[in-house]
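From just these sequences and the hints, can you work out the full model?
Chains A and B are the protein sequences, given in the same order. This note's numbering numbers the first residue of the first sequence as 7 and each following residue consecutively. This note's numbering numbers the first residue of the second sequence as 2 and each following residue consecutively.
Note that these hints are calculated values from the structure, not bench results. Just so it is clear, CB atoms sit at the ideal spot from N, CA and C, and this is done for glycine as well. Hints are all accurate, no fakes.
Ranges of calculated distance between the beta carbons of each label pair, as one might list FRET restraints:
#  : chain 1 : residue 1 : chain 2 : residue 2 : range
1  : A       : Asp204    : B       : Met176    : 23 to 29 Å
2  : A       : Glu45     : B       : Gln242    : 46 to 52 Å
3  : B       : Ser260    : A       : Thr213    : 42 to 48 Å
4  : A       : Ala15     : B       : Met176    : 29 to 35 Å
5  : B       : Asp174    : A       : Ile151    : 30 to 36 Å
6  : A       : Ala39     : B       : Ile98     : 30 to 36 Å
7  : A       : Asp204    : B       : Leu105    : 38 to 44 Å
8  : A       : Ala294    : B       : Ile45     : 37 to 43 Å
9  : B       : Arg171    : A       : Ala290    : 20 to 26 Å
10 : A       : Met11     : B       : Asp174    : 23 to 29 Å
Non-contacting residues of chain A with respect to chain B, defined by C-beta distances greater than 10 Å in every case (computed):
#  : residue
11 : Arg42
12 : Ala52
13 : Gly59
14 : Asp78
15 : Pro85
16 : Ile101
17 : Ser116
18 : Ile124
19 : Leu131
20 : Leu177
21 : Gln220
22 : Gly221
23 : Ser229
24 : Leu298
25 : Val299
26 : Glu300
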Amino acid sequence: MKTVMSVLAVLAVIVAFWYAACVPMNIKGVLDAAERAGEHVTPAAARDRRDAGALGLVAGNTFVIARSWSVDRPRLPAPHQVAMELWETTVEKKITSKRSLIYHGKITLSSTLLGFAIGTGLGVLLAVGIVHSKVMDMSVMPWAIVSQTIPIIALAPMIIVVLYSVGVQGLLPKAIIAAYLSFFPVVVGMVKGLRSPDHMQLDLLKTYGANTAQGFWKLRLPSSMPYLFASLKIGIAASLVGAIVGELPTGAVAGFGARLLAGSYYGQTVQIWSALFAAAILAASLVAILGLVERLILARMGVKS
Amino acid sequence: MIYVVLALVVWGIGWWGNAKLANGPHADRQLVQLGIPVIFGLTILIMWELLVHGLSVSLVILPPPSQIAVRFASSLSILWADFTQTILKGALGGYIIGCLAAILVAVLIDRSDFLRRGLLPVGNFVAALPIVGTAPILVMWFGFDWHSKAAVVVVMVFFPMLVNTVAGLRETDAMQRDLMQTYAASYWQSFFKLRLPAALPFIFNGLKISTTLALIGAIVAEFFGSPTVGMGFRISTSVGQLALDMVWAEIVVAALAGSLFYGLMAALERALTFWHPSQRGRS
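If you want it as structure tokens, here you go:
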């Protein structure tokens, strides 16, 4: 309860700070509009205002403060503007509309999930191979670890274009980017998990006469679950970033990445912010769903959380 | 056709050699442990080269490593300019600002129980979000030059760093803190002599995670607008011109920069946290 209260307090402070920041961020545009409407602003000349500090302008023109929260194309939109845009583009628009965030979200989500499934599937397979084969362990594992220090997302534009030139387009190229971004964290986490049973437990199974497969299914796989889920959560967040970045170079057709890029081309800041929040909500829900699945599975296995 | 066969032969030899080494008597030696991944990497590179020639893969799909190397060597000045713009100015500038800010905020948060309870869940939540998405906004605010890239990097590294540092500052147990109290140590004395050293492994964990995030942020932010220099800019324009050897050369630079950056942090960690169990016995 105390935690909830302090989180709410922190959130309230953040929102208040956001509203306060809107005023100096938007003041110049607001003043220009006010001047065009024939109102008296200080200083009156546009050139003086351009060179003046934003805070000084706010102090000199207190009457426009309220207006800076409802500018049409603000530098920083106020929270309620973003919330309204989110509401309009998710609930009020038809899902099939090109302006509906649900439409764009579905496109991003489908490539994220497809890529995540491919990436984790292959990642778990490779981890199983690494744990059981010393050659694979020694030759592949160092590269899997090094790959985590490299911004492999820089490959994204090339993958899109190359696959396009061989005739593959649509969902799959983005899914491939999402897949390889989630692949390496899953490999590293899963190897750690499959190695987590200690010698005592492995020896015990050996005294039972268990073969490798039995040891895998009855000991290694169950004990790897906490590690697997920890890396799945990292992996799905990485997949989402990959899918979003993968949507950038295709010329902004559809998806959250396209919304971000189109918004930045046309100066539609409210659109950028709402796409950003929608992506954040999507990421948070995906991680939360994984957390729920983890709790269910661990509870079935009898692990006390 | 001969190239394809050759590629398979190379693969066979490489794998057979590695299997020999890995299951051989010297598998525990450091030289062997370093050599096996190197052999594996070389095998892949040679196969790549042979297969590209053998299957006559078009240059706009996958250039062979030899051509990437030639392009790399012949455009060193461009690559260096991109490197300074993106890595040294954008990524490193943002990294230093972001990490320092996060550590300072963490020290502040740590002094107040209320703030810690309130900010940590928020920080954890934000750390999992696709923060790269703020790039278009920050590019709009700070202009096309490296300042906006540094800003994206600051936002990206701030929260992982904050969460790690706060966790690290809570690492000391009551006994140790009580001991400091019996020595009549002031807050800052016990901070610098006990809690900061104890937090270092966590801080370095955050610093190491952040190196990759910083490079990702700086490169991806350039996809949203940049001056005519920079790795992200070069990648997106070279992709447009189908000059894939240039793209690969940039990726090599990014990989080298990423590993170097991470390696520097790891070396610093080893120097500063030599006392920690995870570092002992490595020397």
